[in-house]
Amino acid sequence: MNTNPALLRGMTGRRDALRLFGLAGAGLGLAACGVKGQKAAPPKQNDVQKYWAGKTKKGHLNFANWTLYIDKNRTPLKEFTRQTGITVTYREVISDDPQWFGKIAPQLQAGQSIGYDLMVVTNGLEFTKLVELGYLVPLDHSQMPNFTKNVGAAYKQESFDKGNVYSVPYATGLTGIAYDPSKTGREITSIQDLWDPKFKGKVGMMSDVQEIGNFGMFAVGIDPEKSTPDDWKKAGAKLQEQKDKGIVRKYYENDYIDALSRGDVWLTMAWSGDIFQQNLNEGSNLKFVIPKEGATIWTDNMMIPKTADNPVDALMMMDFFYRPEIAANLAEFINYVTPVPAAKDVIAADAAKATGSKKKTLESVASSPLVFPTDADYARLRHYRSLTPAEEKDYTAVFQHITAG
Amino acid sequence: MRRRLAPYALILPGGLWLAIFFVVPMVVMLSFSLMQGDVVNGFSLTWHWQNYSEALSDYDDQLIRSLVYGVIATAACIVLAYPVAYWIAFRGGARKTTFLFLLLLPFFVSFVLRTFSWKFLLADDGIVLSPLKHAGLLPQDFHVIATGFAVVAGLTYNYLPFMVLPIYVALERVDPKMIEAAQDLYASPAQAFARVVFPLSLPGVFAGVLMTFVPVSADYVNATVLGGTNNTMIGNIIQNLYLVNNDYPQAAALSFTLMAILLIGIFLYARALGTEDVLEVATR
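Chains L and G, in that order, give the protein sequences. Read in full-length UniProt numbering, the first sequence has 298 at position 298, and its numbers run on one by one without any break. Read in full-length UniProt numbering, the second sequence has 70 at position 70, and its numbers run on one by one without any break.
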């Protein structure tokens with residue numbers, strides 16, 4: 001946590017340093033000014049120009065992303081380097097939005113580089129905070145021809161960032177249930193299966209308060225998008241019951257995949273594409289379902305932190321992901337919903353050219369509801385509810401009480 | 001003049017180091033623990049002492065659990081470490097250094113990694129439990145990971161060397177002639193141990209308890225990796241409050257509460273056992 005600069009200035013003086021040795025009270029006096037928030041106003045058109053004026057390509061960029069979010073050979077990045085000459089350092093350092101925000105916020109507040117020029121953050125509490133605190137660079141759409149041309153219409157109107165002022169989608173995915181049919185011995189179709197005492201100690205839930213809260217609400221028949229504080233309490237009670245009965249093994253971050261493939265859990269809340277990739281990489285036979293009560297849909301977004309050293313290179317990388325052939329390549333491997341509709345034709349064409357098992361995989365991707373959901377699927381999908389800071393405190397209090405153990 | 005300043009010059013680097021990286025953050029955290037606000041709108045110092053009472057009432061379960069785990073793991077460490085230290089000190093012979101090195105060898109591997117390896121080793125269908133289940137020795141739904149036992153066992157394993165080393169140092173200094181003298185005075189081996197060796201090694205045990213109990217009670221890695229839904233320790237809560245909720249005031253209040261409890265506990269413990277011996281061990 002960065003402290004008020006006035007405090008630090010005060011401490012460089014020798015007298016103050018000496019005082020601190022003896023008198024904590026004096027130090028408290030120095031700290032008494034508090035720590036300022038940095039609530040930012042929305043950017044005006046000339047902020048965009050002001051930021052980008054004079055910025056040039058540096059030939060390198062540092063990219064922070066989640067695990068299992070690109071193919072093993074990093075094909076899109078290699079292609080990007082080949083075409084633009086920009087080298088990319090790619091690190092899978094994000095495993096959870098809140099922890100990532102907690103890590104980078106102090107540096108951003110101090111105006112220091114976080115070491116990355118491009119990062120991927122889910123729409124949700126942390127995304128809102130990043131925007132409100134003014135930690136993100138407003139994007140210059142005039143430098144993003146592929147995005148403008150190829151992005152799906154729905155992705156320009158997402159409520160969390162209307163008009164893509166700060167972010168463009170990397171991929172969209174669903175939170176549903178994954179299970180190992182050889183262990184459960186039956187098909188899983190409902191959220192209620194996560195409450196089945198038969199699976200005592202073998203059920204995985206997510207520790208993220210928004211994710212678990214949503215599932216608690218589905219379980220008691222509430223639409224999370226329209227929920228009220230009373231609904232949260234109902235959902236909380238339902239989740240508490242599940243915990244008290246010993247049904248939940250653990251509240252996981254993205255390590256639920258390992259627990260599922262090791263057999264520590266038999267069924268778990270899961271993100272759609274992870275299961276596909278795990279099956280592909282490990283030859284496992286896990287299944288993913290959209291429960292009949294509903295599932296949540298979220299979007300992971302690419303964005304540039306305001307302290308980025310190579311923003312132009314980052315912007316070029318963002319735009320590069322919106323070429324249909326690159327978007328297709330990404331979707332083929334990660335199996336999440338692509339924001340580029342034209343990628344479907346590319347994947348179908350790839351499938352027509354391919355042979356053997358590769359052909360089969362590609363065909364399944366092109367027809368997969370997890371990559372290209374149908375309208376009927378969309379009808380069952382719900383978005384995260386957006387929360388004000390005051391609501392967030394109440395919301396977190398209800399659900400963290402459960403996951404904190 | 002120069003001679004007069006020399007001691008101050010010697011203390012300066014270490015003193016500055018402590019001032020900058022210990023005292024200053026402590027003061028900042030102390031002021032945080034009395035603030036109110038949130039990360040978007042900022043925090044302001046309102047002398048909000050309720051942070052302490054709220055933290056205590058919200059997380060008393062985890063606080064008590066951490067201290068209980070700390071006591072059990074520390075006790076297990078003593079039971080396991082004493083014979084090892086005794087054996088190395090009195091039977092180690094010329095190979096003493098080798099044995100001590102072996103004891104420290106696991107430290108060359110990251111302790112997070114070592115803890116993770118437990119997870120694979122003791123997985124429900126892993127290489128240890130699977131054969132036992134197949135043989136019918138364990139019920140099918142038996143599991144070790146995600147239990148309080150796993151967390152305490154992990155804590156014990158990770159902090160064991162911190163107990164062995166001080167006990168070893170204390171035993172090393174026991175002159176074997178003292179044991180001979182005790183036996184010359186018709187003490188049985190058991191009596192010689194109980195009345196001569198063990199009392200002389202107590203400062204080592206005391207130092208070992210300090211070096212294990214404090215970090216064990218504040219540990220969060222073992223509970224994260226090996227724990228289940230009801231094994232969260234106070235370290236996890238503090239980490240969560242800082243990094244996930246960005247609730248710095250409550251996190252700071254909880255940290256200071258934990259610190260106060262540990263300091264008071266150790267102070268009482270030191271009074272009960274006598275502090276001079278401890279300082280002696282520490283300054284050897």
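Do not take every clue at face value.
To be verified - Dumping the calculated BS3-like pairs for lysine-lysine here, alpha-carbon to alpha-carbon at most 27 Å:
#1 L:Lys234 <-> L:Lys72
#2 L:Lys306 <-> L:Lys58
#3 L:Lys287 <-> G:Lys133
#4 L:Lys162 <-> L:Lys287
#5 L:Lys198 <-> L:Lys245
#6 L:Lys200 <-> G:Lys133
#7 L:Lys78 <-> L:Lys306
#8 L:Lys344 <-> L:Lys200
#9 G:Lys133 <-> L:Lys245
#10 L:Lys55 <-> L:Lys306
#11 L:Lys183 <-> L:Lys55
#12 L:Lys183 <-> G:Lys133
#13 L:Lys200 <-> L:Lys233
#14 L:Lys393 <-> L:Lys360
#15 L:Lys198 <-> L:Lys156
#16 G:Lys133 <-> L:Lys243
#17 L:Lys198 <-> G:Lys133
#18 L:Lys287 <-> L:Lys359
In case anyone wonders, no lab produced these hints; they're calculated from the structure. The structure displayed is predicted, hence computed values, not measured ones.
Hint check against the structure, violated hint numbers in rising order: 1, 4, 8, 11, 14 and 15
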